[in-house]
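Protein sequences appear in the order of chains V and U.
Position 89 (the first sequence) corresponds to 89 in my numbering; numbering is contiguous.
Position 139 (the second sequence) corresponds to 139 in my numbering; numbering is contiguous.
It cannot be assumed that every hint is accurate.
Simulated restraints on C-beta separations [as the list claims (entries may be wrong)]: (1) V/Glu164 - U/Ser181: 49 to 57 Å; (2) V/Ala113 - U/Asn185: 19 to 27 Å; (3) V/Gly50 - U/Gln10: 24 to 32 Å; (4) V/Gln168 - U/Arg147: 49 to 57 Å; (5) U/Ser181 - V/Gln172: 47 to 55 Å; (6) V/Ala49 - U/Glu6: 28 to 36 Å; (7) U/Ser181 - V/Ser181: 30 to 38 Å; (8) V/Gln191 - U/Glu164: 53 to 61 Å; (9) U/Leu15 - V/Gly73: 30 to 38 Å; (10) V/Gln143 - U/Gln10: 27 to 35 Å.
Here are the simulated lysine to any residue pairs, SDA-like style, with alpha carbons at most 25 Å apart [stated by the list, open to error]: (11) V/Lys112 - U/Gln10; (12) V/Lys112 - U/Glu33; (13) U/Lys112 - V/Val13; (14) U/Lys83 - V/Val19; (15) U/Lys112 - V/Ser16; (16) U/Lys112 - V/Asp11; (17) U/Lys83 - V/Phe100; (18) V/Lys112 - U/Val13; (19) U/Lys83 - V/Tyr98; (20) U/Lys83 - V/Ser105; (21) U/Lys83 - V/Ser109; (22) U/Lys83 - V/Leu15; (23) U/Lys112 - V/Gln103; (24) V/Lys83 - U/Gln88; (25) V/Lys112 - U/Thr18; (26) U/Lys112 - V/Ser99; (27) V/Lys112 - U/Phe25; (28) U/Lys112 - V/Thr101; (29) U/Lys112 - V/Arg102; (30) U/Lys83 - V/Ala144; (31) U/Lys83 - V/Gln88; (32) U/Lys83 - V/Asp31; (33) V/Lys83 - U/Asp31.
Per the computed footprint, the stretches of chain V lying under chain U, defined by three or more beta-carbons under 8 Å from a beta-carbon of chain U, are [what the hints assert, rightly or not]: (34) 25-36; (35) 129-143; (36) 161-170.
Hints in this document: simulated from the structure, not taken from any laboratory.
Every residue, glycine too, gets a C-beta built ideally from N, C-alpha and C.
Protein chains: 2
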Amino acid sequence: MNRLQERIVQDGVVLSPTVLKVDAFLNHQVDPELVMDIGAAMAAPHRDAGVTKVLTVEASGIPLAMATALALGGIPFVYAKKKRAITQGDAVWTAPAYSFTRQESYHVSLSKAYLGSEDVVLMVDDILAEGSALTALTEIVHQAGARVVGAVVAVEKRFQSGREKLAQMGVQVRALAGIESMSANGITFAQDDESRTPEVMLP
Amino acid sequence: MNRLQERIVQDGVVLSPTVLKVDAFLNHQVDPELVMDIGAAMAAPHRDAGVTKVLTVEASGIPLAMATALALGGIPFVYAKKKRAITQGDAVWTAPAYSFTRQESYHVSLSKAYLGSEDVVLMVDDILAEGSALTALTEIVHQAGARVVGAVVAVEKRFQSGREKLAQMGVQVRALAGIESMSANGITFAQDDESRTPEVMLP
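Given these sequences and hints, build the entire structure.
Laid out in structure tokens, this is it:
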């Protein structure tokens, strides 16, 4: 197991067969050094891909996007917003999404000024489940005419449909902790998880 | 001028006498290395204060909270949520707030598990205007019985009431870029801005 997987075993809580609570260290209270290590692992295979921007959706993707952008040499990251701010104006890319943890529909929006056809994008997020946030982000990237090198998430629930939906849109997903199944009795990580290869191994 | 002030002059846009757009580098598209420098400056005067947690409100405070928490030695940071997630459960501290940029009332919430009477807290945010987010966060800190060493923001609009409201709650504010006035013709930074003292000077 890598350090993230160990932390999930130690501090994660399986609330139901589909809901994993990792808010002790990843998406409410955050361990910033763990996140920096995750960012280094997220960036590693893409160091020579000419990535110009790291993209995520507010709010829980932001720490990971920052760590990944730093690991890619300090390139900018952009977080799509779930509600439009008055400072954004009308020139936005936008796509619909649905949050299962908040049980609501929303629109993801991103100012056109910060994503264009010249961009090469790495998408990151904390958790991949049904893939709603990342498929919306992919739609936005397509609208902008930018190129995606892939998506990388900290935790993937393999038994949900996110990976498949993204594959249908042409986006390859990597996960640092891919979960095959989980229950109150324990968590089974995917054996083919890419975090097990040296290039993305966490310390 | 410090590096943040220079960047505001270079890339900030004054949309109205009260609205400053800094979403090219601070709160939509983000320059992660600038944010790391800001975090170091935010943390500097509090290195020996025994701070146990950095607190902010999602989403735009998150990069700064992470950078500040790293600069304080990798202590955890916690971001209060604007909408409760199902993973949070009922054990939350909560306080009302109002967003002027989104023109809506909301409740800030923070799981009780991540803030208690043993905590010593540094609050951070990107922009201080009317102080709604930080006064709500202060209320939460009071509910938890934690101790606040202060609040620090990247940008403060001095001509709005945030600093005064926080002072009335016993919270001292530092700003790295305090703005006395602004218009399409230019921005005047506060001369007494604490970012001008060596200890919090940005590179």
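**Prompt:** For which of the previously enumerated hints does the structure constitute a violation, in increasing order of number?
**Reply:** 7, 30, 35, 36
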